[in-house]
Every structure is written in C-alpha cells, then in structure tokens.
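K.L.:
Produce the complete structure using the sequences and hints provided.
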Amino acid sequence: MTTPADRDLLARHRSEAAVSVELQTPEMTLNIGPQHPSTHGVLRLVATVAGERVVKVEPVMGYMHRGYEKLTEVRTYAQITGLVNRIDWVSGFANEVPFIVAAERLMGVEAPERAQYLRLILTEMFRISNHLIFLCSFPSELGAPTPLMYALRERERVLDLIEGVTGGRFHPNFNRIGGVRPAAGAGAKQRTVSQDLPKGFLQGTRRAMAAVRGVCDDLENLVLGNEIVQQRTIGVGVLPAARAIEYGVSGPNLRASGVAFDLRKVEDYLPYHRFDFDVVSMPHGDAYDRCRVRLEEIRQAVRIIEQALDSLPSGPLQAKVPRVVKVPRGECYVRAENPKGEMGYHLVSGGGRRPYRVKIRSASFCNLSVLPWLLQGVLIPDIIAILGSLDFVLGDVDR
Amino acid sequence: MSEPETPDAAPALPPEAPPSPAARWAALVGSEAWSDAFRTPKVRVPRERWVEAHRALKEHLPFFSWLSAIDWANEVAVGDPVEGGPIEERCEVISRLSDVTAGEGVILSTDLPPDDLRLDSLTGVYGGADWHEREAADMFGIRFEGHPHLVNIYLPDGFQGHPLRKSYPLLSREIKPWPGAVEVAPLPAVEAAPGEPREGGA
Numbered sequence: 001m002t003t004p005a006d007r008d009l010l011a012r013h014r015s016e017a018a019v020s021v022e023l024q025t026p027e028m029t030l031n032i033g034p035q036h037p038s039t040h041g042v043l044r045l046v047a048t049v050a051g052e053r054v055v056k057v058e059p060v061m062g063y064m065h066r067g068y069e070k071l072t073e074v075r076t077y078a079q080i081t082g083l084v085n086r087i088d089w090v091s092g093f094a095n096e097v098p099f100i101v102a103a104e105r106l107m108g109v110e111a112p113e114r115a116q117y118l119r120l121i122l123t124e125m126f127r128i129s130n131h132l133i134f135l136c137s138f139p140s141e142l143g144a145p146t147p148l149m150y151a152l153r154e155r156e157r158v159l160d161l162i163e164g165v166t167g168g169r170f171h172p173n174f175n176r177i178g179g180v181r182p183a184a185g186a187g188a189k190q191r192t193v194s195q196d197l198p199k200g201f202l203q204g205t206r207r208a209m210a211a212v213r214g215v216c217d218d219l220e221n222l223v224l225g226n227e228i229v230q231q232r233t234i235g236v237g238v239l240p241a242a243r244a245i246e247y248g249v250s251g252p253n254l255r256a257s258g259v260a261f262d263l264r265k266v267e268d269y270l271p272y273h274r275f276d277f278d279v280v281s282m283p284h285g286d287a288y289d290r291c292r293v294r295l296e297e298i299r300q301a302v303r304i305i306e307q308a309l310d311s312l313p314s315g316p317l318q319a320k321v322p323r324v325v326k327v328p329r330g331e332c333y334v335r336a337e338n339p340k341g342e343m344g345y346h347l348v349s350g351g352g353r354r355p356y357r358v359k360i361r362s363a364s365f366c367n368l369s370v371l372p373w374l375l376q377g378v379l380i381p382d383i384i385a386i387l388g389s390l391d392f393v394l395g396d397v398d399r
Numbered sequence: 001m002s003e004p005e006t007p008d009a010a011p012a013l014p015p016e017a018p019p020s021p022a023a024r025w026a027a028l029v030g031s032e033a034w035s036d037a038f039r040t041p042k043v044r045v046p047r048e049r050w051v052e053a054h055r056a057l058k059e060h061l062p063f064f065s066w067l068s069a070i071d072w073a074n075e076v077a078v079g080d081p082v083e084g085g086p087i088e089e090r091c092e093v094i095s096r097l098s099d100v101t102a103g104e105g106v107i108l109s110t111d112l113p114p115d116d117l118r119l120d121s122l123t124g125v126y127g128g129a130d131w132h133e134r135e136a137a138d139m140f141g142i143r144f145e146g147h148p149h150l151v152n153i154y155l156p157d158g159f160q161g162h163p164l165r166k167s168y169p170l171l172s173r174e175i176k177p178w179p180g181a182v183e184v185a186p187l188p189a190v191e192a193a194p195g196e197p198r199e200g201g202a
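Those sequence lines, one after another, are chains A and B. Note that the first sequence covers residues 1 to 399 in our numbering. Note that the second sequence covers residues 1 to 202 in our numbering.
It is possible that part of the hints are untrue.
[Claimed, not checked] A short, non-exhaustive set of chain A residues, derived as facing chain B with CB atoms under 7 Å:
no. : residue
1   : Gly62
2   : Arg105
3   : Glu110
4   : Ile245
5   : Tyr247
6   : Phe261
7   : Glu296
8   : Gln300
9   : Cys332
10  : Gly350
11  : Gly352
12  : Arg361
No lab work stands behind these hints: they were computed from the structure. Using N, Cα and C, we set each Cβ at its ideal position, and we do this for glycine too.
P.N.:
Given below as structure tokens:
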C-alpha cells in the first residue's frame with residue numbers, strides 16, 4: 001500500500017528519470033596528454049567525446065620533433081649512426097642497420113660475413129628487448145603492473161649481452177660503413193683483452209635465450225591467459241588488413257591483421273634467408289592479436305639467434321673502406337624489418353662526405369596515422385588499450 | 001638515380017635484357033623515364049599525371065609506404081651542394097609504394113618548379129598519404145591541393161619558413177659552430193698525406 005508520501009517520492013523519481021532520458025549529452029572535448037604514461041613519449045590526443053563514446057580523435061604531434069632529417073645533412077656518415085639510433089630508442093641498433101646498408105650500397109661496399117651475422121644477432125636481440133618492453137608496458141597500462149617485473153628481468157640479461165658486445169645498452173652506435181666497430185671499446189672488462197666478441201658471449205647468449213624462452217611461457221600465462229586482459233583486448237581496436245595496408249601499417253601490427261608479410265623474408269639487407277623462422281600472423285586484427293604476434297616473435301627471434309650462434313662465421317669485422325668516407329652520387333632506398341615495422345632510409349648522396357638528403361621512413365609514424373580511424377566510436381577506456389597495442393614510440397613518430 | 005640532374009634521360013632497354021621491375025611499373029603508368037640504379041626502382045611522372053599514376057598502381061602496390069620531397073638547389077645554407085656542377089633547381093616530390101607479398105615496390109617522383117609548389121593530393125587514392133603530405137607541407141612548403149586538413153603536423157602554429165629547404169639555415173649552427181668540425185681538419189702537428197685528409201675521432 002502506497003502512502004501519499006511514497007507517491008510523491010515515486011513521482012519525483014519518475015520525473016528525474018524522465019529528465020535523464022531526455023537529457024542530451026553534449027559533445028565534450030577531452031584532452032589526453034601531452035604528458036601521459038601510455039603515450040610513450042609526448043603525444044597529445046584531442047578527443048571529442050559524447051558520453052563514454054569517442055566521436056573523433058585528433059592526434060597532435062611534434063613535441064619530440066628533433067629535425068633528424070635536417071641534421072643528417074650537416075653530419076658525416078660516421079656521425080649519423082649515432083644520431084639515427086635515437087629515433088626509436090627502444091630498438092636503437094636496428095635503426096642503424098638500414099642506414100648503413102644504404103650507404104654501403106651506394107659505395108659498392110659489402111660488410112664481411114661475420115659483421116653481418118653480428119648485425120643480425122644484435123638486431124634480433126633488440127627485437128626481443130622491444131617486444132619484452134611491449135609485453136610489460138601494455139598490461140601495466142591496462143592496470144596490471146606485475147608482468148613488468150618478469151619481462152624487465154630477462155630484458156636486462158639481453159641488454160647486458162648487448163652492452164658486452166657494443167659498449168652501449170640503448171644506443172650502441174656500433175655500425176661502421178663496411179662492417180661493425182671491433183669491440184675494443186666494449187664493456188669495461190673486455191677493453192684490453194678482446195678485439196672481437198667478449199669472452200663467454202656465445203655461452204652467455206645461449207643461457208639468456210633459454211631464459212627468454214622461459215619468460216615467454218610465463219608471460220603467455222600471465223598476460224595472454226589473463227581473463228581481464230582478454231576482456232579488455234579481444235575484439236577491441238580491430239584493424240582490417242586493407243585499411244592497414246593503405247595506411248602503411250607494418251610490422252607486428254600488420255601481421256596481426258592477417259597479412260603474413262615480413263621484410264626479413266623478402267629483403268636482403270641481412271642474411272636472414274639462411275635461417276629457418278616463421279612469419280607469425282594472426283587473423284583477427286584486434287589488440288589481443290597484436291599482443292600475441294609480439295610474444296610469438298620473441299620466440300622466433302630466439303630461434304634465429306640460436307641458429308646464428310651455431311653458424312657464426314669467423315673472419316674480419318670490417319671491409320676495406322677509404323679513411324674519409326665519400327659516397328658517390330646516387331640515391332637508394334633500403335628498408336628493414338625493425339621491431340616496430342618497416343624502417344627505411346631514402347639516402348640521396350651528392351657525392352660528398354655528407355648526405356644531400358635523407359628521408360627517414362619510420363614505422364611508428366605510419367602505424368600511428370591509422371589511429372584517428374581506429375578510435376572512432378570506441379569507449380574512452382579502450383583508447384588506452386588501442387593506443388598501447390599499436391606499440392609506437394614518439395621518437396619514432398616525430399624523428 | 002645515378003644522374004638526378006637529367007630527369008628525362010631514360011636508359012634504353014636492350015631487347016635481350018630481362019624486363020626490369022622499374023620498366024614494368026613505368027609501362028603501367030605510361031612513363032618513359034625510369035631508373036633501376038642501386039636496386040631502387042624509380043619512375044618519373046609529370047606533375048599533371050601524379051594522382052593518375054598512383055591510381056594506376058594501387059591495384060598492384062597497395063601499401064603506401066611514404067611520401068617526401070628533395071629540394072634540389074645549387075646554393076645551400078647547410079651541408080654540401082651536389083658535386084659536379086650546377087643542377088636544375090627544382091623540388092622533387094617522391095612517394096614509395098610497395099606490395100605486401102613479394103616485396104616489390106617503386107618510387108614515383110615528379111618535379112615541381114621552385115616558384116610553384118602545388119601538387120594534387122593523394123589522399124583520395126591512398127588514405128595513408130594524409131600525414132605524409134602534411135609533413136611535406138610543413139617541411140618544404142608544398143601545397144597539396146584537395147587535402148582535407150592541411151595544417152601543421154610538426155611545426156608550431158605560425159612558424160615561419162620550411163626547415164628542410166636547402167635555403168633554410170640550421171639555427172643552432174648559426175649561433176655556435178659544430179664542435180665536430182675540428183675533427184676533420186688536419187691536426188697541426190701531423191702533415192696529412194696529399195689527397196688523403198685525415199679523419200680523426202672514430
């Protein structure tokens with residue numbers, strides 16, 4: 001039995017409910033960044049939202065534009081490697097390789113086999129390091145900080161190996177035209193004893209690779225098997241293959257959309273054709289598949305490194321090149337499968353000691369350019385899930 | 001291209017030679033000027049046929065890799081000019097297309113006169129051209145006609161000048177000379193061998 005007082009209350013509730021039904025949510029502008037932990041650098045997103053839905057997102061970049069393309073025009077070739085490995089700082093070494101190969105191609109120089117193998121091993125190590133960073137930062141952006149500890153522990157072992165060979169953890173600056181720098185300056189202990197790989201490198205690498213395999217299994221359970229991660233990522237941010245291709249999305253993001261295309265299989269900048277590895281691709285194109293592709297790629301990188309260690313040729317590390325490097329006139333484009341996708345340099349030489357023009361094609365720029373399309377109509381919490389799953393670094397976007 | 005200053009000098013294809021990739025792409029876009037130097041297939045198209053050429057290749061090369069430009073100038077504010085005499089001053093716009101199966105690709109290029117930097121936008125053919133054209137507009141001042149949203153991508157609003165043009169100075173060098181420059185001069189105590197200047201440092 002309802003009393004008049006109850007009826008009053010009920011009527012009031014009804015009218016409030018009616019108001020909230022009729023209430024139009026005005027479109028609102030939500031500013032994300034420039035300083036936001038999930039932007040991997042400094043990226044600002046100006047999102048127009050209606051309630052919980054995103055209507056439109058406009059990325060604002062340029063906060064990290066360092067003008068590398070201009071700087072290459074005033075630096076000699078030897079100085080540029082130190083510059084370009086800061087483009088994508090998570091995989092520094094891999095940025096050097098296509099640039100050096102482009103310069104070598106114009107000069108008609110080829111690095112000795114052992115140097116090429118070392119380049120390949122280090123590139124794959126940086127791939128492992130990059131993907132481990134992804135597999136720990138992505139869950140932490142979704143709210144799970146634990147995988148970070150597991151992934152960083154093994155990444156540290158890989159970085160130690162890199163440091164032993166090159167002397168640098170993030171920015172090795174190890175490539176020279178015609179080869180790699182003999183590791184005389186590498187690691188404090190090796191400085192005087194060795195001119196080549198540090199002592200115990202092969203064994204240490206094998207052990208580290210076994211540990212990386214182990215952490216892959218851990219992360220597979222911890223991240224990919226995690227029900228919350230699955231709910232946040234499965235079916236979220238689906239990128240159809242045709243859209244990805246038109247926007248130049250490359251690397252793991254492209255392969256997660258079902259396109260089994262890997263530059264390591266079709267280009268010859270490093271002797272990948274001698275090794276047996278699979279191109280990992282996944283069919284769905286969502287954030288979860290992008291995650292899975294990267295985990296599988298770590299396993300493939302481990303396979304490549306182990307095969308390369310088994311067949312590591314002996315010999316010199318440096319081909320004969322003039323003391324003053326002058327690159328003949330001409331232009332060429334060399335691209336490489338970097339951890340984040342297609343990284344390429346269009347090198348135009350005017351015949352001098354400095355390039356006339358270098359166009360740097362970075363993977364993250366194209367991978368990010370599809371973002372406004374990808375974020376249309378998603379829920380606000382999904383912005384971070386999608387952003388994180390694309391695995392970009394703003395240094396690689398802005399250059 | 002080994003001889004960038006002669007854009008229309010297409011190498012004659014000997015009849016017995018295997019078909020070069022660049023020649024194949026050139027035939028598809030109806031251009032005679034192509035080059036395969038340094039395994040970088042490159043095809044030149046006139047500026048009026050820029051969009052049309054991309055449309056013709058899209059079916060074969062759906063992957064839009066990048067677009068940029070080269071400012072060919074005789075007087076440079078930074079870096080070294082092209083060796084071997086004056087070149088024809090122009091702004092060369094280049095774009096790279098590739099496939100996602102066999103690893104083939106081609107660079108399309110077109111020349112704009114330095115005083116008229118206008119070009120039709122590719123955004124109607126390849127959606128991915130959007131940001132690349134904004135970047136080229138920032139850096140070279142090329143006006144892409146038909147671009148939906150041609151605003152600065154890197155440079156702050158109201159920025160004067162186009163940094164990647166050869167006439168644009170590197171301001172940090174104007175203030176302070178590059179300290180690395182001392183590396184390449186012969187050291188005072190050591191006589192450099194004739195014809196082989198010393199390069200210290202690395």
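K.L.:
Taking the least C-beta to C-beta distance, is A:Cys332 closer than 7 Å to chain B?
P.N.:
Nearest chain B Cβ about 4 Å off; hint holds.
K.L.:
Should the interface hint for A:Tyr247 be scored as holding, given a Cβ-Cβ cut-off of 7 Å against chain B?
P.N.:
It holds, given that the least Cβ distance between A:Tyr247 and chain B is near 4 Å, below 7 Å.
K.L.:
Classify the hint on A:Gln300 as holds or violated, based on whether any CB of chain B lies nearer than 7 Å to its CB.
P.N.:
18 Å, violated
K.L.:
Grab the minimum C-beta distance from A:Gly350 to chain B and call the hint holds if it beats 7 Å, violated otherwise.
P.N.:
Where the cut-off is 7 Å and the nearest Cβ of chain B is about 4 Å from A:Gly350, the hint holds.
K.L.:
Do the numbers back the hint for A:Gly62, that is, is its least Cβ distance to chain B under 7 Å?
P.N.:
4 Å, holds
K.L.:
Is the interface hint for A:Arg105 satisfied, with its Cβ closer than 7 Å to some Cβ of chain B?
P.N.:
5 Å, holds
K.L.:
Can you verify the interface hint for A:Gly352: is its Cβ closer than 7 Å to any Cβ in chain B?
P.N.:
4 Å, holds
K.L.:
Holds or violated: is the Cβ of A:Arg361 closer than 7 Å to a Cβ in chain B?
P.N.:
Result: holds, 4 Å to nearest chain B Cβ.
K.L.:
Can A:Ile245 be said to touch chain B, with a Cβ gap under 7 Å?
P.N.:
5 Å, holds
K.L.:
Can you verify the interface hint for A:Glu296: is its Cβ closer than 7 Å to any Cβ in chain B?
P.N.:
19 Å, violated
K.L.:
Restraint: A:Glu110 near chain B, CB-CB cut 7 Å. Satisfied or not?
P.N.:
Status violated, d = 13 Å.
K.L.:
For the restraint on A:Phe261, tell me whether the closest CB of chain B is nearer than 7 Å.
P.N.:
This interface hint holds because 4 Å falls under the 7 Å limit.
Hint compliance for this structure: hints 3, 7, 8 are broken, all remaining hints hold.
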